[in-house]
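Asker: Let chain C serve as the given structure and place chain D on it in line with the hints.
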Amino acid sequence: MRVRTGQRLQSQVCTAEFIVIKAPDAEIDLTAGGQPVVEVGADVDQGLAPDSAMMGGTALGKRYVGLSGTLEVLVTKPGAATLANAGQVLQLKAPNPLPSTD
Amino acid sequence: MSISLILEMALSATPDRVAISSPAATLTVRQFADRVDAVAQAIVEAGAGTVAYLGVNGPSFPIAIFASARAGVPVSPLNYRLGQAQLNAALDRLDRPLIIVDEALRDMVVARSSPLLATADLLTRPAKPDQDAPGWPEESAPAVLLFTSGTTSTPKTVVLRHSHLMSYVVQTVEFGSAEESDAALISVPPYHIAGVGTVLTSLYAGRRMVYLEDFSAEGWLRAARENAVTTAMLVPTMLARIVEALAGRPADLPRLRSIAYGGARMPAPVLLKALRAFPTTGFANAYGLTETSSTIAVLGPEDHREAAASDDPEVSRRLASAGRLVPGVEAEIRDPDGNPLPPGEVGELWVRGPQVSGEYLGQGSVLVDGWFPTRDRAWLDPAGFLYIEGRADDTIIRGGENIAPAEIEAVLVEHANVRDVAVVGMPDDTWGQRLIAVVVPADGAEISEEELRSWVKTRLRSSKTPDQVHVWTELPYTPTGKLLRRDIVLALASAD
Numbered sequence: 001m002r003v004r005t006g007q008r009l010q011s012q013v014c015t016a017e018f019i020v021i022k023a024p025d026a027e028i029d030l031t032a033g034g035q036p037v038v039e040v041g042a043d044v045d046q047g048l049a050p051d052s053a054m055m056g057g058t059a060l061g062k063r064y065v066g067l068s069g070t071l072e073v074l075v076t077k078p079g080a081a082t083l084a085n086a087g088q089v090l091q092l093k094a095p096n097p098l099p100s101t102d
Numbered sequence: 001m002s003i004s005l006i007l008e009m010a011l012s013a014t015p016d017r018v019a020i021s022s023p024a025a026t027l028t029v030r031q032f033a034d035r036v037d038a039v040a041q042a043i044v045e046a047g048a049g050t051v052a053y054l055g056v057n058g059p060s061f062p063i064a065i066f067a068s069a070r071a072g073v074p075v076s077p078l079n080y081r082l083g084q085a086q087l088n089a090a091l092d093r094l095d096r097p098l099i100i101v102d103e104a105l106r107d108m109v110v111a112r113s114s115p116l117l118a119t120a121d122l123l124t125r126p127a128k129p130d131q132d133a134p135g136w137p138e139e140s141a142p143a144v145l146l147f148t149s150g151t152t153s154t155p156k157t158v159v160l161r162h163s164h165l166m167s168y169v170v171q172t173v174e175f176g177s178a179e180e181s182d183a184a185l186i187s188v189p190p191y192h193i194a195g196v197g198t199v200l201t202s203l204y205a206g207r208r209m210v211y212l213e214d215f216s217a218e219g220w221l222r223a224a225r226e227n228a229v230t231t232a233m234l235v236p237t238m239l240a241r242i243v244e245a246l247a248g249r250p251a252d253l254p255r256l257r258s259i260a261y262g263g264a265r266m267p268a269p270v271l272l273k274a275l276r277a278f279p280t281t282g283f284a285n286a287y288g289l290t291e292t293s294s295t296i297a298v299l300g301p302e303d304h305r306e307a308a309a310s311d312d313p314e315v316s317r318r319l320a321s322a323g324r325l326v327p328g329v330e331a332e333i334r335d336p337d338g339n340p341l342p343p344g345e346v347g348e349l350w351v352r353g354p355q356v357s358g359e360y361l362g363q364g365s366v367l368v369d370g371w372f373p374t375r376d377r378a379w380l381d382p383a384g385f386l387y388i389e390g391r392a393d394d395t396i397i398r399g400g401e402n403i404a405p406a407e408i409e410a411v412l413v414e415h416a417n418v419r420d421v422a423v424v425g426m427p428d429d430t431w432g433q434r435l436i437a438v439v440v441p442a443d444g445a446e447i448s449e450e451e452l453r454s455w456v457k458t459r460l461r462s463s464k465t466p467d468q469v470h471v472w473t474e475l476p477y478t479p480t481g482k483l484l485r486r487d488i489v490l491a492l493a494s495a496d
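Keeping their order, the protein sequence lines are chains C and D.
Just so you know, we're using my numbering here: the first sequence kicks off at 1 and counts up by one.
Just so you know, we're using my numbering here: the second sequence kicks off at 1 and counts up by one.
Here chain C stands alone, though its shape is the one from the complex (with noise of 0.2 angstroms):
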């Protein structure tokens, strides 16, 4: 599949939804759970069963990145799934050490 930035995707074995931050410019294999992510709003196939090694969680508001850092999402509703790109767990990207600015 094909993301764009601001794109939001759910996943198909549990709760989580996510917003793609940056999208790379290629063909890319999402999946949540092992099992391939859809557009929110899109059918849910039902009979999927999530691969148990691929249900490590997704965590509300933090970010996820692959590919190189090419890749990056943020969950914006949490789920049992771990996110990963053709079979390579996605990382959870480090918080933000800025200061309060407004």
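Simulated from the structure, these hints should not be mistaken for lab results.
All C-beta atoms, glycine included, are put in the ideal place defined by N, C-alpha and C.
You may find that some hints are simply not true.
What the hints assert, rightly or not - Covered by chain D, per the in silico footprint, the following chain C stretches (three or more residues, Cβ under 8 angstroms):
#1 56–62
#2 66–77
As the list claims (entries may be wrong) - Computed spacing ranges between beta-carbons, pair by pair:
#3 C:Q88 - D:R486: 54 to 62 angstroms
#4 C:E39 - D:G49: 26 to 34 angstroms
#5 C:G56 - D:S12: 19 to 27 angstroms
#6 D:R112 - C:P97: 46 to 54 angstroms
Answerer: Same frame as chain C, now just chain D:
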């Protein structure tokens, strides 16, 4: 990715946390979201194309921001200090405005055919049940229309789209990072980009917003103490007034963790006094423009401490810097032909990034390959610290030499007898422009023109020495701390 997402996420994470406290109302995130829904219905019912917000600071403003987003229309905070003609000219630029207005300002707009809604009603208006909520606004839809201050040219209406504001929030703030006891004291008005930014970043961080309706130094200090405020943003004129009111005493606000300042140049003596008055508070200098969705560079508390303690001039001078760029923003210093300049050289600052709008209502985008010309003269040091010299429009050309008034002002304001100063260029038959320093003396001090001229001459050079010194009792500033150079030039011209 619309700003509505911020409220949705906050509601899911911390529904019972206090989002806003002010004398007018205290609202939890859930109560706030209910207010937003009710007001969004009113906006949809009115068939509004824009929401104009004409009021002082208060909890109705964040409600108006999120309700407008919910209703899928942009919100335009207006300067409530404008005269009736200017205000109506601004309103004329907006598409079918619903005007949310303070009772005290109603007379300014009552002659218009636009629907009106009282700011106080936003806090009480009941939501109608069983009404379909509007869908999500597109991320490319305009979210906020802000008028520039117009200190150097006619005010322009900056278009900030949902994607710009969300990029700013997501790149610079960690979601839910605030403690439950954290509170931001908001004293910049709604029509300033920082007044908009703080609503988005505070809710996203989970930080309580405390509103100060009208700024006074004593009122600010009292509100900070009574509300156990932990962070605050101030424009330099506000910080100067607070430091003056303290008159050398410490502020005694141990809970106050950080003060951010920005919006105009900070005079070094004010900053040094502030560092002494707030010994337990970290300072952050934020640089940004309306067109860049608020902050694009930050000099953080650690940078301040390091610079204040350093003997290395390369490091200590950073107290005068705007800091380093925030994530996602790139900068280039360019010469007048658009060629990038190396570190240390002064030119125009161009910036690029997903939070940069560079678009004006009725005029379109001024971006060139995504790059926005800020009209600020600046330079970068080799470590990436950004130094702002001032607006390109303020540059004085004397005898063919480009002179940034800020450089001379920074020297003059260090003189013990000088409380405030502005340097402007006036037409001159010999030099093209001559340098006039308008000086406000420190309490009880006598100004000697010769002494000030030689003070500058020994520190800069003769071509940057003011040709004349005028003594005024005060300088004209906008309420958001921007020096009105144009007014100074006009006053000097009419006195000639």
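Asker: Work down the list of hints and note, for each, if the structure agrees.
Answerer: Verification of the supplied hints:
1. Using a Cβ-Cβ cut-off of 8 angstroms, 3 residues of the segment 56–62 of chain C lie near chain D, which meets the minimum of three, so the contact claim holds.
2. Closer than 8 angstroms: that is the beta-carbon criterion, and the segment 66–77 of chain C has 3 residues meeting it against chain D, so the requirement of 3 holds.
3. Checked against the given bound of 54 to 62 angstroms, the beta carbons of C:Q88 and D:R486, roughly 57 angstroms apart, stay inside it.
4. Between C:E39 and D:G49 the beta carbon distance is about 29 angstroms. The supplied range of 26 to 34 angstroms therefore holds.
5. For the pair C:G56 and D:S12, the supplied restraint of 19 to 27 angstroms holds, since their beta-carbon distance comes to about 20 angstroms.
6. About 47 angstroms separates the C-beta atoms of D:R112 and C:P97, a value consistent with the hinted range of 46 to 54 angstroms.
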